[in-house]
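Novice: The chain contents come next:
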Amino acid sequence: MSDRDKDWLDEELKGLRDLPAPQTLLPRVMEKVERRAAQPAWIRVWTRRPDLIRTLTIGFALALLVLVPVLNPLHWASDVIEGSLLVRLVAIFAETGRSVLFEAKVGQLPIVTVLATVALLSYLFCVVAALAVQRLTTAKR
Amino acid sequence: MVTAATLPLLPDLAGRELDKTMVEVQEFEAFVRRYQNMVFSVAGRTLGNLADAEDITQEVFIKAFDRFGELQQSKTAGGWLKTVATNLSINHLNRYRARWRFFSEEEHPPEIAVAPETGRERQEALELAIQKLPDAQRVPLVLFHFQEMSYDEIAAKLGISLAKVKTDIHRGRETLKKLVPKRDE
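Chains A and B are the protein sequences, given in the same order.
The first sequence begins at 1 in my numbering and counts up by one.
The second sequence begins at 1 in my numbering and counts up by one.
What the hints contain is simulated information worked out from the structure, not anything from laboratory work.
Please read these numbers as outputs of a predicted model, since none were measured by experiment.
Wrong hints could be hidden among the right ones.
What the hints assert, rightly or not - Examples of chain A residues toward chain B, derived with CB under 7 Å:
#, residue
1, E12
2, L16
3, A21
4, L25
5, M30
6, E31
7, K32
8, V33
9, E34
10, A37
11, I53
12, R54
13, A104
14, L120
15, Y123
16, L124
Claimed, not checked - Distance condition first, Cα-Cα at most 27 Å in a straight line; then the derived DSS-like pairs of lysine-lysine:
#, chain 1, residue 1, chain 2, residue 2
17, B, K182, A, K14
18, B, K164, B, K178
19, A, K14, B, K157
20, B, K164, B, K177
21, B, K63, A, K32
22, B, K164, A, K14
23, A, K14, B, K132
24, B, K178, A, K14
25, B, K75, B, K132
26, A, K32, B, K75
27, B, K157, B, K182
Where a beta carbon is used, it is the ideal one built from N, C-alpha and C, also for glycine.
Could you put the whole structure together from the sequences, leaning on the hints where they help?
Specialist: Structure (structure tokens):
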């Protein structure tokens with residue numbers, strides 16, 4: 001809107017004061033806040049820092065992804081649960097996958113190292129990108 | 001390792017944590033007192049409904065409490081509160097838009113019963129007129145005049161075209177001028 005279009009209505013709108021909040025608002029807010037503050041610390045972290053929880057969950061999932069082929073829990077399970085064909089088959093597949101990951105190489109590096117590096121770098125990139133976007137939006141605000 | 005010597009410190013730590021929380025709650029109460037009118041105004045004018053505005057304001061402050069550590073230090077706490085209040089209000093309108101349309105079909109065009117004379121009466125009449133504007137006119141008008149957003153920003157926020165933003169604001173202003181005519185000099 002150009003200055004020419006500005007008129008008495010703009011002045012009156014600019015002159016409007018804030019609406020008074022209802023008397024019931026503050027007690028309602030404080031009741032909820034006190035209830036929230038009384039929660040144990042770990043629940044408060046859970047509700048206050050969803051970003052941290054998300055990051056930790058993704059980190060944990062990635063760590064698990066790397067650890068599962070290394071530890072191969074199904075191989076142990078097949079030793080314990082004898083006679084279960086399905087478990088033994090899955091364990092054999094997992095063992096084959098493990099061999100491929102550790103013995104096949106890309107250049108001089110085992111595939112597992114390459115995959116772990118790529119996963120870690122992707123994860124770090126996502127975290128840095130998310131932080132950058134968050135900072136940009138905060139700065140814009 | 002927890003030893004007998006360190007054990008007496010544990011209740012002390014818990015006590016200090018409790019004191020810290022109490023102080024935080026007290027400080028937050030002062031924070032709410034300071035900003036409640038501003039947040040309520042943003043929500044009330046955007047929604048055009050003061051009962052819903054109270055709920056939205058409450059929601060804004062609960063979110064603010066979760067980030068109180070940052071907001072307390074921030075010089076832009078007011079801006080953050082305004083943005084959150086605006087976003088929650090728009091989300092609320094979008095959620096209940098279908099229902100709003102259904103009831104709005106029954107509504108008569110807004111009227112201001114008494115021609116306002118004093119400044120205070122005019123302000124009240126103008127507030128009432130803003131609340132009675134249709135959503136499509138009120139929301140962009142409020143974002144433009146009270147949040148000082150540009151046409152482009154409003155278009156992006158509401159997901160509508162620039163031309164529609166301009167038209168809606170213009171129509172909203174025309175309606176306001178009809179409802180609260182210019183004061184005789």
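Novice: Given the hint that A:K14 pairs with B:K157, does the C-alpha gap stay at or below 27 Å?
Specialist: Measuring from Cα to Cα gives roughly 22 Å; hence the hint holds.
Novice: Are A:L120 and chain B close enough, Cβ to Cβ, to be under 7 Å, as the hint says?
Specialist: At 29 Å from the nearest chain B Cβ, A:L120 fails the 7 Å test, so the hint is violated.
Novice: Would the hint on A:A37 be counted as holding, given a Cβ-Cβ threshold of 7 Å to chain B?
Specialist: Result: holds, 5 Å to nearest chain B Cβ.
Novice: Taking only the CA atoms, is the gap from B:K63 to A:K32 under or equal to 27 Å?
Specialist: Holds, because 11 Å separates the two Cα atoms, which is no more than 27 Å.
Novice: Taking the least C-beta to C-beta distance, is A:Y123 closer than 7 Å to chain B?
Specialist: At 25 Å from the nearest chain B Cβ, A:Y123 fails the 7 Å test, so the hint is violated.
Novice: Let me know if the C-beta of A:K32 comes in closer than 7 Å to any C-beta of chain B, holds or violated.
Specialist: Hint holds; A:K32 Cβ to chain B Cβ min 6 Å, cut 7 Å.
Novice: Does the structure keep B:K164 and B:K178 at a Cα separation of 27 Å or less?
Specialist: Cα-Cα ~21 Å, so holds.
Novice: Are the Cα positions of B:K75 and B:K132 separated by 27 Å at most?
Specialist: Violated. B:K75 to B:K132 sits at ~34 Å, over the 27 Å cutoff.
Novice: Should the hint that A:R54 touches chain B count as held when the rule is a Cβ pair under 7 Å?
Specialist: Status violated, d = 15 Å.
Novice: Check whether the Cα positions of B:K164 and A:K14 lie no farther apart than 27 Å.
Specialist: Holds - the C-alpha atoms of A:K14 and B:K164 are around 23 Å apart, at most 27 Å.
Novice: Hint check: B:K178 vs A:K14, CA-CA at most 27 Å. Holds or violated?
Specialist: Answer holds: B:K178 to A:K14 is near 18 Å, not above 27 Å.
Novice: Hint check: is the beta carbon of A:I53 less than 7 Å from a beta carbon of chain B?
Specialist: With a closest approach of 13 Å, the A:I53 hint is violated.
In summary, the structure is inconsistent with hints 6, 11, 12, 13, 14, 15, 16, 25 and 27 from the numbered list given earlier, while agreeing with the others.
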